[in-house]
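So the chains spell out like this:
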Amino acid sequence: MKKATSDKLANIFGLGLRSPHYAYLETKPKVFAGWFEVISENYFRSSGKPRKVLEALRADYPISCHGVSLSIAAYDEFDSFYLADLKKFFNEIDPFIVSDHLCFTGVKGNNLHNLLPFAYNQENLSHLSARIDFVQNYFGRKFGFENLSAYFDYKNSTMSEWDFINELTKITDCNLLLDLNNIFVNSYNHEFACDDYLKVIPMNRVQEIHMAGFSEREGFYFDTHSNPLYPEIIELYKKVLSVKKNIPVLYEWDEDIPEFAILENQILTVASIWEKTP
Amino acid sequence: MKQKEFNQKFAETIRSTNESHNLLSLIKDSPKLKAERAIEVYQEDYQARLSEALKNTYRATFSLIGDDDFTILTRDYIANFPSPFLDLDDYGNHMSEFLSNHFLGKDYVFLAELADYEWNFREVFHMQQEQGLNVIELQNLLKSDSGSFVLVPSIRLLHYSFLISNLYALKDVSDDSDDEENFYYEESQFILMIKSGVLVKTHILSKNQWEIMKKFQAPTTFSNAIQNVTATVTPGEIQNLFRILGTEQILLNSNQ
Numbered sequence: 001m002k003k004a005t006s007d008k009l010a011n012i013f014g015l016g017l018r019s020p021h022y023a024y025l026e027t028k029p030k031v032f033a034g035w036f037e038v039i040s041e042n043y044f045r046s047s048g049k050p051r052k053v054l055e056a057l058r059a060d061y062p063i064s065c066h067g068v069s070l071s072i073a074a075y076d077e078f079d080s081f082y083l084a085d086l087k088k089f090f091n092e093i094d095p096f097i098v099s100d101h102l103c104f105t106g107v108k109g110n111n112l113h114n115l116l117p118f119a120y121n122q123e124n125l126s127h128l129s130a131r132i133d134f135v136q137n138y139f140g141r142k143f144g145f146e147n148l149s150a151y152f153d154y155k156n157s158t159m160s161e162w163d164f165i166n167e168l169t170k171i172t173d174c175n176l177l178l179d180l181n182n183i184f185v186n187s188y189n190h191e192f193a194c195d196d197y198l199k200v201i202p203m204n205r206v207q208e209i210h211m212a213g214f215s216e217r218e219g220f221y222f223d224t225h226s227n228p229l230y231p232e233i234i235e236l237y238k239k240v241l242s243v244k245k246n247i248p249v250l251y252e253w254d255e256d257i258p259e260f261a262i263l264e265n266q267i268l269t270v271a272s273i274w275e276k277t278p
Numbered sequence: 279m280k281q282k283e284f285n286q287k288f289a290e291t292i293r294s295t296n297e298s299h300n301l302l303s304l305i306k307d308s309p310k311l312k313a314e315r316a317i318e319v320y321q322e323d324y325q326a327r328l329s330e331a332l333k334n335t336y337r338a339t340f341s342l343i344g345d346d347d348f349t350i351l352t353r354d355y356i357a358n359f360p361s362p363f364l365d366l367d368d369y370g371n372h373m374s375e376f377l378s379n380h381f382l383g384k385d386y387v388f389l390a391e392l393a394d395y396e397w398n399f400r401e402v403f404h405m406q407q408e409q410g411l412n413v414i415e416l417q418n419l420l421k422s423d424s425g426s427f428v429l430v431p432s433i434r435l436l437h438y439s440f441l442i443s444n445l446y447a448l449k450d451v452s453d454d455s456d457d458e459e460n461f462y463y464e465e466s467q468f469i470l471m472i473k474s475g476v477l478v479k480t481h482i483l484s485k486n487q488w489e490i491m492k493k494f495q496a497p498t499t500f501s502n503a504i505q506n507v508t509a510t511v512t513p514g515e516i517q518n519l520f521r522i523l524g525t526e527q528i529l530l531n532s533n534q
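So the protein sequences, as listed, match chains A and B. Note that our numbering gives residue 236 to position 236 of the first sequence, counting from 1, and the numbers run on in steps of one. Note that our numbering gives residue 337 to position 59 of the second sequence, counting from 1, and the numbers run on in steps of one.
Bear in mind the hints are in silico, worked out from the structure with no lab data behind them. Computed from a prediction, not measured in an experiment: that's the story for all the values here. Please note that the accuracy of each hint is not assured.
In silico contact screen, one side only, chain A against chain B (beta carbon under 10 Å); selected entries [said to hold, decoys possible]:
1) Phe32
2) Ser47
3) Leu70
4) Asp76
5) Asn110
6) Asn114
7) Phe118
8) Asn124
9) Tyr188
10) His190
11) Glu191
12) Asn246
Listing some non-contacts, in silico: residues in chain B with all C-beta distances to chain A over 10 Å [unchecked claim]:
13) Ile292
14) Asn379
15) Phe388
16) Val428
17) Asn502
18) Phe520
19) Arg521
Ideal placement from N, C-alpha and C gives every residue a C-beta, glycine not left out.
So here's chain A without its partners, still in its complex pose:
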């Protein structure tokens, strides 16, 4: 099974490739980022400009493929055409990391285009384990799965999110994509301690970290990826660094996307924190 090859990265600081920056990146500027992450579904079936930009970029930078539609927690069969096209895409792009989210995104015939939470219980632990085994065997690659922000909890959850994730990685040997913004947003909205989360998460399985800016709405926090880095997320990052340092880290900005220089400043800030942390 193909493993993530992030240990070969010369520069662990990455940025998400987004269409407003295509024109700038096509000029081949000298940028600080050492790698780029793409949303797989935005590229895998296109022969248009997005794909051309990606092809050009991958000549100069390692690429990570991050999906939003695998729907690993769904109870419908996987879409075989989707899996086949995604596999072909991975073979063409040769990403150093592949990932998706711990969520379901809809039901058969109706994609809700959102990352939706499920109950943390034995039923779902068994179900997700089987689905992750299938996916990793199908692709012949280890996947990283991202923790998500959820705006409600299930009454029939019998374990915490972090215990569920920990168990899942043990059973499936999958990797994790640790989104610090999502941990913080959930900890605020559902009132738990981030330390409780971080001390249980198996850091040796974290293949990538996501950082982003949230927004406040009616007294709760919303995972919008629409703001610069907040001090709370920096604090969480420092805690992760105290356990494991060389994890590829990405800054995401998906709403009201600013010019590239502002995005790049976020990852420069992350890099300076990394440098200052022993």
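For chain A, the structure is supplied; the task is to place chain B on it using the hints.
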């Protein structure tokens, strides 16, 4: 309730934009967010994401009818068409047909055709470009009169009752320009849309040129294509058509 059943009910609730009560007994209030409000957050997010996708694809439609009417249009479209797509950008394929029966499509008579143009534009944008015969190759085959030709797949031949490509261009006109108000659009238009590198290009054709071009959708010879065109074809039309076919390289030799 099993997760599978919950997922189904959750999907129905998100689409319905009301009636979250059948889920409320299954989820917890959080300290910052009541369960009912949490469901609404997902409902609002669903509307927002699909609306944004429609706005990205139908930029000219949005620009011409404005924010308020476009909000009504997307709300009604989303209520009628759940997304079966794994890529959000694929959402909106029924817009033209939907507008034909929507009151906004009757208020703005060109709107269904404009939406059709925008959807075709999106499809061609994502297509793989296939390179056909260049001018010299085409000339040589025509000289021997043995060539049978067919159009490459990465094109669209479009016919509208209104000047749709001109209406489409208005999306780039600033709001304070008076171009839109003085615009004349009640004239039919024949369009060739092609993939050219990473771009989508269009050529406005005469009706004769469009009819000839249509015949190349199935393999045929040049002389067959020119025969049986409704009106008399002028030498200028043929010359211009040949120039487009050669420079854009959109004809394949179907004998090969």
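Non-interface claim for Phe520(B) versus chain A (Cβ beyond 10 Å): Non-interface label stands for Phe520(B): nearest chain A Cβ at 28 Å, farther than 10 Å.
Non-interface claim for Arg521(B) versus chain A (Cβ beyond 10 Å): Per Cβ check, Arg521(B) is outside 10 Å of chain A; nearest 26 Å; holds.
Grab the minimum C-beta distance from Glu191(A) to chain B and call the hint holds if it beats 10 Å, violated otherwise. 5 Å, holds
Against chain A, does Asn379(B) hold up as non-interface, every C-beta pair farther apart than 10 Å? 22 Å, holds
Interface hint status, His190(A) versus chain B (Cβ within 10 Å): At about 5 Å, which falls below the 10 Å cut-off, the nearest Cβ of chain B leaves the hint on His190(A) intact, so it holds.
Once the closest CB in chain A is found, is it more than 10 Å from Phe388(B)? 26 Å, holds
Could you check that no beta carbon of chain A comes within 10 Å of the beta carbon of Asn502(B)? Check passes; 32 Å lies beyond 10 Å.
Ser47(A) as an interface hint toward chain B, with CB separation required under 10 Å: Holds, about 4 Å.
Should the interface hint for Asn114(A) be scored as holding, given a Cβ-Cβ cut-off of 10 Å against chain B? Where the cut-off is 10 Å and the nearest Cβ of chain B is about 6 Å from Asn114(A), the hint holds.
Identify whether the interface hint at Phe32(A) stands, where standing means a beta carbon of chain B within less than 10 Å of its own. 27 Å, violated
Does the nearest C-beta of chain B fall within a distance shorter than 10 Å of the C-beta of Leu70(A)? Holds, because the Cβ-Cβ distance from Leu70(A) to chain B comes to roughly 9 Å (cut-off 10 Å).
Would you assess whether Ile292(B), listed as outside the interface, keeps its beta-carbon beyond 10 Å of every beta-carbon in chain A? It is violated; Ile292(B) is separated from chain A by about 6 Å at its closest Cβ, not greater than 10 Å.
When each numbered hint is compared with the structure, violations occur for hints 1, 12, 13.
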